[in-house]
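Engineer: Letter by letter, the chains look like this.
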Amino acid sequence: MFPNLKNPVFTDIDDLSEMARQLRRDIINELLISKSGHSGGPLGLADLFSVLYFNKLNILPQDPYNPERDFVFLSIGHVAPIWYAALARRGYFPIDELKTLRKINGRLQGHPAPLKTHGLPGVEIASGALGQGLSIAVGTALGLKLDKKSNHVFCICGDGELNEGQIWEAAMTAHHHKTDNLTVIVDRNHCQIDNRTENVMMLEPLVEKWKAFGFELFEIDGHNLKEIMDTIDAAKKVKGKPSCIMLYTKMGQGVSFMQDNYKWHGVPPNDEQGKIALSELLPTKFGDFVDYYKK
Amino acid sequence: MNYINKCGNLLIDNLDLKNPEHKETRRGFGDALVELGKSNPNVVVLGGDVSGSVRTDLFRDAFPDRFFSVGISEQDMMGTAAGLALAGKIPIASTYGEFATGRPFDQIRQSIAYSQMNVKICASHCGFTVGPDGATHQSLEDVGIMRILPHMNVVTPVDYNQTYKAVTECVKSEHPFYIRFYRDNSPNYTNPDAPFEFGKADTLYEGTDCTIIASGLMVWESMLALELLAEEKISCRLINMHTIKPIDRNAIVQAAKDTDCIVTCEDHQKIGGLGGAVAEVLAQEYPAPVEFIGASDTFGESGKAVELYEKYGLSFRHIAEAVKRAVKRKK
Ligand SMILES: Cc1ncc(C[n+]2csc(CCOP(=O)(O)OP(=O)(O)O)c2C)c(N)n1
Ligand SMILES: [Mg+2]
Numbered sequence: 001m002f003p004n005l006k007n008p009v010f011t012d013i014d015d016l017s018e019m020a021r022q023l024r025r026d027i028i029n030e031l032l033i034s035k036s037g038h039s040g041g042p043l044g045l046a047d048l049f050s051v052l053y054f055n056k057l058n059i060l061p062q063d064p065y066n067p068e069r070d071f072v073f074l075s076i077g078h079v080a081p082i083w084y085a086a087l088a089r090r091g092y093f094p095i096d097e098l099k100t101l102r103k104i105n106g107r108l109q110g111h112p113a114p115l116k117t118h119g120l121p122g123v124e125i126a127s128g129a130l131g132q133g134l135s136i137a138v139g140t141a142l143g144l145k146l147d148k149k150s151n152h153v154f155c156i157c158g159d160g161e162l163n164e165g166q167i168w169e170a171a172m173t174a175h176h177h178k179t180d181n182l183t184v185i186v187d188r189n190h191c192q193i194d195n196r197t198e199n200v201m202m203l204e205p206l207v208e209k210w211k212a213f214g215f216e217l218f219e220i221d222g223h224n225l226k227e228i229m230d231t232i233d234a235a236k237k238v239k240g241k242p243s244c245i246m247l248y249t250k251m252g253q254g255v256s257f258m259q260d261n262y263k264w265h266g267v268p269p270n271d272e273q274g275k276i277a278l279s280e281l282l283p284t285k286f287g288d289f290v291d292y293y294k295k
Numbered sequence: 001m002n003y004i005n006k007c008g009n010l011l012i013d014n015l016d017l018k019n020p021e022h023k024e025t026r027r028g029f030g031d032a033l034v035e036l037g038k039s040n041p042n043v044v045v046l047g048g049d050v051s052g053s054v055r056t057d058l059f060r061d062a063f064p065d066r067f068f069s070v071g072i073s074e075q076d077m078m079g080t081a082a083g084l085a086l087a088g089k090i091p092i093a094s095t096y097g098e099f100a101t102g103r104p105f106d107q108i109r110q111s112i113a114y115s116q117m118n119v120k121i122c123a124s125h126c127g128f129t130v131g132p133d134g135a136t137h138q139s140l141e142d143v144g145i146m147r148i149l150p151h152m153n154v155v156t157p158v159d160y161n162q163t164y165k166a167v168t169e170c171v172k173s174e175h176p177f178y179i180r181f182y183r184d185n186s187p188n189y190t191n192p193d194a195p196f197e198f199g200k201a202d203t204l205y206e207g208t209d210c211t212i213i214a215s216g217l218m219v220w221e222s223m224l225a226l227e228l229l230a231e232e233k234i235s236c237r238l239i240n241m242h243t244i245k246p247i248d249r250n251a252i253v254q255a256a257k258d259t260d261c262i263v264t265c266e267d268h269q270k271i272g273g274l275g276g277a278v279a280e281v282l283a284q285e286y287p288a289p290v291e292f293i294g295a296s297d298t299f300g301e302s303g304k305a306v307e308l309y310e311k312y313g314l315s316f317r318h319i320a321e322a323v324k325r326a327v328k329r330k331k
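Going down the list, the protein sequences come from chains A and B.
Quick note: the first sequence uses this note's numbering, first residue 1, plus one each step.
Quick note: the second sequence uses this note's numbering, first residue 1, plus one each step.
If you are wondering where the hints come from, they were derived from the structure by calculation, not from laboratory data.
Heads up, some of the hints might be wrong.
According to the in silico footprint, chain A covers these stretches of chain B (three or more CB under 8 Å from chain A) [stated by the list, open to error]:
1. 40 to 54
2. 69 to 79
3. 92 to 104
4. 135 to 149
5. 291 to 302
6. 307 to 317
Since we're looking at a predicted model, the values are computed, not measured.
Ideal Cβ positions, reconstructed from N, Cα and C, are used throughout, including at glycine.
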């Protein structure tokens with residue numbers, strides 16, 4: 001459906017916005033079929049993924065491991081449904097495969113599985129156990145710098161995930177080695193499993209923490225496509241230190257009854273809820289990969 | 001001749017194998033914690049952002065002052081638990097199996113096992129049965145890596161009732177414990193009034209041709225296998241090895257002497273877990289043929305629990321086949 005060209009596929013904000021909505025519909029449909037998986041985080045990240053995969057990333061879906069590619073590490077493996085939707089829509093694998101989320105013998109594992117065992121194009125390494133992605137991203141960034149290459153490395157972290165000490169160990173390493181080819185994107189949705197983030201573990205003052213750890217910091221509205229685009233450009237231009245984008249999002253964005261509610265962290269919609277969700281996320285010109293309710 | 005011979009009063013009366021009562025083992029943990037909270041003011045609980053899942057929410061809501069949220073930081077959780085133990089508390093550290101053992105292994109090794117701290121690590125969501133979450137969340141190595149630690153006690157109760165007992169009993173000891181249980185609903189079939197003693201295996205069925213030594217959810221699966229085997233006139237002893245460490249050496253050696261072959265069954269890697277532990281005892285004391293049921297040096301994947309048991313060879317049908325192989329290997 002899409003030309004497998006380098007980015008940008010879309011330059012128009014309206015197209016990116018429509019794609020973000022389609023990604024949200026895809027997430028709902030994936031979860032309706034799998035009847036298991038995470039709704040909230042993935043919906044909140046749809047705008048970011050639309051911008052990354054359809055505008056900003058330097059990627060070649062037909063050659064997913066091209067040595068010149070930008071690297072994306074999804075440290076929060078549980079938001080896989082948005083990643084799978086974006087990868088499929090961008091042509092990394094057939095859109096129809098979104099029907100196989102979390103099914104036995106499939107490539108779309110509940111949490112992204114290693115390339116060597118499951119071979120899903122676009123995935124670099126396994127994730128699911130939280131807190132490990134940033135170290136890997138720093139390692140890749142260091143390797144790329146050693147080779148004087150210009151690929152950029154993005155690592156997407158959750159705010160709850162920042163409870164893990166390894167994140168801050170990696171942040172120190174990134175700062176120490178001046179990995180300016182690395183951008184951490186923190187999904188600041190104020191939600192994690194048990195409660196809102198500040199009730200589980202005090203994170204604030206979070207921006208100051210990242211600054212103190214030596215990062216150039218950007219704070220933006222995670223549902224404003226223009227802001228995301230501009231900030232990714234700005235982050236790529238940072239020299240001499242790593243960058244961090246504090247992406248203020250709402251868990252479950254786009255579906256009224258899920259929005260900003262931590263209880264939607266890890267559950268799928270049931271058939272009735274899915275119907276309401278899809279009625280709120282209007283159909284797009286890109287079309288659904290399934291008509292779940294036509295049986 | 002009878003091929004299925006139930007022993008003693010270890011199982012509930014009138015057990016219906018086709019349609020047993022189901023109850024979550026994690027709920028047995030949560031309910032036991034609440035009772036402990038009432039009777040023992042030193043019991044404290046640490047939460048790692050999965051309290052609703054591992055059912056420490058029940059203790060948290062009843063005793064908010066004695067519940068410490070440490071966020072998603074399992075290494076920190078184990079260290080904090082050790083510190084609480086030094087202050088005279090009895091800390092219960094609980095999260096999912098993989099993150100309770102693999103992630104904070106060195107903290108457990110140095111600050112809990114080596115230092116002999118009175119910390120109880122209680123892990124839910126173990127084994128293949130977390131299903132669709134996939135390999136990262138299927139803890140199949142936890143028993144092995146806890147078992148190799150000196151001073152660590154390792155317990156794998158089979159159902160709600162036994163989980164409740166194990167959690168209640170472990171607090172009476174001052175030693176470090178690892179207790180393993182599960183997310184899903186599973187048959188609740190052990191007699192709540194039967195005695196429970198760490199290190200003393202339960203012989204649930206008596207038999208002559210082979211002994212099945214099983215742990216956790218695989219004990220139920222083994223009971224289903226007994227039915228299949230009886231149809232083929234094969235009679236098995238079935239041992240619930242609820243304590244993997246210290247393991248009941250006498251029960252293992254006696255089984256080898258009486259039935260001349262063994263099958264071990266666990267929802268875990270064959271390497272390092274119950275199977276390894278049983279083989280170690282037999283190799284030293286009374287060599288006999290052993291067949292292993294468990295993950296064959298492989299990670300899991302997404303899928304429904306029943307599909308995974310089928311694909312990875314853990315179903316009652318696989319157990320029955322393994323028994324037949326073991327019987328054939330007898331001298
Ligand atoms: C090491 C580890 N500990 C615990 C978990 C269980 N877990 C999965 S997601 C999650 C909450 C993550 O919160 P956040 O990063 O804010 O993601 P969001 O809820 O916003 O999607 C937890 C505790 C895990 N996957 N890995
Ligand atoms: Mg969050």
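Engineer: Run every hint past the structure and note whether it holds.
Structural biologist: Hints versus structure:
1. 40 to 54: Three-residue rule met by the segment 40 to 54 of chain B, so holds; n is 6.
2. 69 to 79: holds (count 7)
3. 92 to 104: Holds: 4 residues of the segment 92 to 104 of chain B have a Cβ under 8 Å from chain A.
4. 135 to 149: holds (count 3)
5. 291 to 302: Coverage by chain A holds here, the residue count being 3 at a Cβ distance below 8 Å.
6. 307 to 317: Satisfied; 3 residues make the cut.
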